[in-house]
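Use the sequences and the hints to build the structure in full.
Chain by chain, the residues:
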Amino acid sequence: MSESDPGMEPGPWLEALAEATAELSTTTLELEGCKVIGPRRSEGDLSGGYIALIGDKCSVQIAVAASPETCRTIAGRLFEMDAEEAQELPDGDVADAIGEVVNIVAGGVKSRMAPYDATLQLGLPFVIEGVIESTKRLRTEYLEADLGGGMQVVLVAIVDTRHAANAAA
Amino acid sequence: MKILIVDDSKVMRSIVKRTLRQAGFGNHDVVEAGNGSEGLERVAEHTPDLVLCDWNMPEMNGIEMLQELRGAGNEVKFGFVTSEGTAEMHQVAMDAGALFLITKPFTADDFEEKLSPVLVAA
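As they're listed, the protein sequences go chains A and B.
Read in numbering that gives the first Met the number 0, the first sequence has 145 at position 146, and its numbers run on one by one without any break.
Read in numbering that gives the first Met the number 0, the second sequence has 49 at position 50, and its numbers run on one by one without any break.
It is possible that part of the hints are untrue.
[Unchecked claim] Okay, derived cross-link-like pairs now, EDC-like style, lysine to aspartate or glutamate, Cα gap no bigger than 16 Å in a straight line: (1) B:K1 to B:D28; (2) B:K16 to A:E29; (3) A:K56 to A:E8; (4) B:K1 to B:D48; (5) A:K34 to A:E143; (6) A:K135 to A:D159; (7) B:K9 to A:E79; (8) B:K9 to A:D90; (9) B:K9 to A:D92; (10) A:K34 to A:D145; (11) A:K34 to A:E22; (12) B:K16 to A:E79; (13) B:K1 to B:E74; (14) B:K1 to B:E44; (15) A:K135 to A:E8.
These are calculated hints, taken from the structure and not from any lab test.
Here you go:
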C-alpha cells in the first residue's frame, strides 16, 4: 500500500481497486492475464458501475467503467454467453452485471482498506453512462486495466477531501 | 436435493448456479428468489435442503430472512454468499443460525469446501 493519505488521495483506493479487480478477473470472470495498463486522464464516454465506501475517516466512490460493447461482453461472460450473444442482452441485465462487478470489487477494496478505516460501509451500486463532472472538493484518479482477453476497463477512485478534512478537525 | 438461491441480482444467481455445477453439485435442483420475502415463500413451497443467500437485498435482507425462518422454527440449512465478509458479519450470521459465510469473489473450491459437509449430511 502506498504512503498517501487515503482520506485525501485516490491513489491507495486505486491500488486496492486494481488488486480486487484482478481477483475478480481470475475467479468470477475466469480470465487470465489481468494487468494494469497505466494512468488515464478521465473515464471518457464510458458506462460504469459506481459504489460508495463511506467511513468515519473517508468518503469515496469507486467505479469500474468500460465501453458499452465491453460491458456487454463482461455481462455475457457472467451469464455464460459468447461475445456475439452478449450483444443482444437486455440493458437491464447488462446493468445488473456491471453493478454486481463493482459490488464484488468494492467488498475487496473494503477489506483491503479496513486497516485505514475499519468503519467503512458499502453503498448501493449503480450504473451510469458518460463523464463525471468533478468539483473542487473531489479528487479523482483513473487507471486503465486489461481484465484479460483484451477486455479493457477504466478503474476510477473519487475521494471527498472535505469529508476527510472534517473528520480530522 | 434442492438448493434455494436468494439474491436480488439475476447475474449473481447465474454465477452461483455455475459455481455449484463446477463444484460438483450440478445434479441438485435449484430454486431462485430475488429477496428475503420471496425466499420465505420459496422455502414454504419447495422445502429446500439448503439456502444460499445474499446479505444485502431490498424488501427483506438475508439476515432478516434467516431470523424469520428460525423464529418460525424452520431449521433449514442456511449459508450466506456476500460481497462483505467482516468478522462482525460472520459472528452475526453464526449467532442467527447460519452454517457458513462465503465471500465474493468465490471459486468452485470455496463452494466445495463449505457445501460438501452440509449437503452430504442433508
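So if I understand the rule, the pair passes when the alpha-carbon distance is 16 Å or less; does B:K1 with B:E44 pass?
12 Å, holds
Assess, step by step, whether the Cα of B:K9 is no farther than 16 Å from the Cα of A:D90, and give holds or violated.
OK: B:K9 and A:D90 at ~13 Å, within 16 Å.
Would you mind confirming whether the straight-line C-alpha gap from A:K135 to A:D159 stays at or under 16 Å?
Distance ~9 Å between A:K135 and A:D159 Cα, so the pair holds.
Hinted pair, alpha-carbon criterion (16 Å max): B:K1, B:D48. Please report holds or violated.
5 Å, holds
Between B:K16 and A:E29, does the CA-CA distance stay at or below 16 Å?
Measuring from Cα to Cα gives roughly 15 Å; hence the hint holds.
Holds or violated: A:K34 with A:D145, Cα cutoff 16 Å?
With a Cα-Cα distance of about 5 Å, the restraint between A:K34 and A:D145 holds, given a limit of 16 Å.
Do the alpha carbons of A:K56 and A:E8 lie within 16 Å of each other, as the hint requires?
12 Å, holds
Distance restraint between B:K1 and B:E74, which requires alpha-carbon spacing of 16 Å or less:
With Cα atoms ~15 Å apart, B:K1 and B:E74 stay inside 16 Å; holds.
Between B:K9 and A:D92, is the straight-line Cα distance small enough, at 16 Å or below?
Since the Cα atoms of B:K9 and A:D92 sit roughly 8 Å apart, the hinted pair holds (cutoff 16 Å).
Against the 16 Å threshold, does the CA-CA distance of B:K1 and B:D28 hold or violate the hint?
Holds, at about 5 Å.
Can the restraint linking A:K34 and A:E143 be considered satisfied, given a maximum Cα separation of 16 Å?
9 Å, holds
Would you check the hint for A:K135 and A:E8, treating anything up to 16 Å between C-alpha atoms as holding?
13 Å, holds
Hint check: no violations occur; every hint is consistent with the structure.
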